[in-house]
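Residues -27 to -1, 1 to 103 in mature numbering (1 follows the signal peptide of the UniProt record, and there is no 0) are what the sequence shown lists, from first letter to last.
Just to be clear, a hint being listed does not mean it is correct.
[To be verified] The calculated lysine-lysine pairs, modelled on DSSO-like cross-linking and capped at a C-alpha distance of 30 Å, are:
1) 60 <-> 80
2) 80 <-> 103
3) 60 <-> 103
Since the hints were derived computationally from the structure, they do not count as laboratory data. All values reported here derive from a predicted model rather than from experimental measurement.
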Amino acid sequence: MSVKVLRLSVSALSLFTVAAISDGALARHTDHILASQLYNLCTNTIRQGGGGGDRIEAGSCLGYIVGIADTFDCEEADHGFHWDPEKAGGSQVQLVVTVMQWIDTHKLAPQQEAHMVVGQALQEAYPCDK
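With the hints as constraints, model all of the structure from the sequences given.
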């Protein structure tokens, strides 16, 4: 790769990062969020599958849920939630759908902390074998 192309790539990445921060997109999505806010982000993930929606919000949703999912499994009792990732079929988008459906079917879920809702949804949908 030439130095000129590398500089252009770094410059483009820097501009994207500055734009995201100045727009508040990055800051909005890294703070503690409610499940209702996560649900709105995830709606864009589902739209992305059909070619619509906002890519930054879709990526934020997917990253949030997958990041939490990666911290829980059947082996770690200390984390508070147990779920079997193999039962999810390896689909990251399926994790998003699972969480959104859980929010839809639990009346109080939208007002709860998003990380708690993700853990509860995965634990109920993909329980560990005992």
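Each hint tested on the structure:
{"no.": "1", "hint": "60 <-> 80", "verdict": "holds (26 Å)"}
{"no.": "2", "hint": "80 <-> 103", "verdict": "holds (29 Å)"}
{"no.": "3", "hint": "60 <-> 103", "verdict": "holds (14 Å)"}
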